[in-house]
Amino acid sequence: MSQPSVTLQLLQERFASVIREVHSLHGDDTVVVEPGANLEVLQFCRDEPRLAYNVLVDLTCVDYLDYPDREGQPRFEVVYHLYSLEHNHRVRIKCPVAAEDPTVATVVELWPIADWLEREAWDMFGVNFAGHPDMRRILMYEEFEGHPLRKDYSISRRQPLVGPKN
Amino acid sequence: MGVEKALEGGILLSRLDHVIGWARKYSIFQYPFVTACCGMEYMSTACSHYDIDRFGAGLPRFSPRQADVLFVVGTISHKLAPVLVKIYEQMCEPKWVVAFGVCTVSGGFYNNYATVQGIDTMIPVDLYIPGCPPRPETVLHGLMMLQEKIQHEKQEVLPGQVRT
Ligand code: SF4
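Residue numbers (our numbering), protein chains in the order written: chain A, 1 to 166; chain B, 1 to 164.
Hints listed in this document are in silico derivations from the structure and should not be mistaken for laboratory results.
One side only, chain A facing chain B, incomplete, derived with CB under 8 Å:
#1 Arg158
#2 Leu161
#3 Val162
#4 Gly163
Nothing here was measured: the structure is a model prediction, and the numbers come from that model. No residue lacks a Cβ here, since even glycine has one placed at the ideal position from N, Cα and C.
Starting from the given sequences, assemble the full structure and let the hints guide the process.
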């Protein structure tokens, strides 16, 4: 196997205790951190000159309810995709979130674009971002109940504002 | 035609209903309620190549108060539904509604939490044009069917008369 990338080397050196897992399939660097460790790792990724991840490309969430081979693991995972314009490299950072208290620290302070991305993740998955300045729904309407992309949101549940429930 | 022969000055007699229907079917002012990909096909229908003006429907109005036919073009989400109903209510009688594309006809393949399963759950629809998106030929065919419908309707002309 080839040398791990600068990103993985630096992160493993510095955050050995909070990194659960790394892999790099076809050069696709991925780091899974411990719950609650997202902010410090992301802050480092942005501020360390050799990494300089200045773009938050995407922030989303995955619901692993009833997913095979994941018994006993946290239900959600918040996923950050970072890109560095300076070094032209990318990394994916995943942070598990427990179902009982689905809360992670916000990264709006690091990348302002996270504002809307976190609102979307909250709207669709019900993951709360502690410290977010304006946590409201962004896609669904205010009257909507629940979070539609959760696996336990019934596929046939409709909440129309006008007309019959079809 | 016998009476007309007897009358001087080129007077033509006809049923009032028929004349009004004829006038209305060739002066369709549309309100395009365009929300999604079907809008592309709507635009190509409206442009010179297919020339929707041949049918007297070449002039879209961007105020519902000046429009006769509401073209609902594209996916309608539950969030947007109250807006569509409001637009419909703002249009003056007589008015017609066209559901353009499967999304508006039945929700299409968006059988999910976000999409209205057919706009006829909210407002009355006069014409359904299926297709994803419908080809301009389909749209023109639909338009001619709508004209047919307008022509053969009971034309109400006095205020307060209810459309049948
Ligand atoms: S019917 Fe097809 S083309 Fe039209 S809005 Fe729906 S998805 Fe788009």
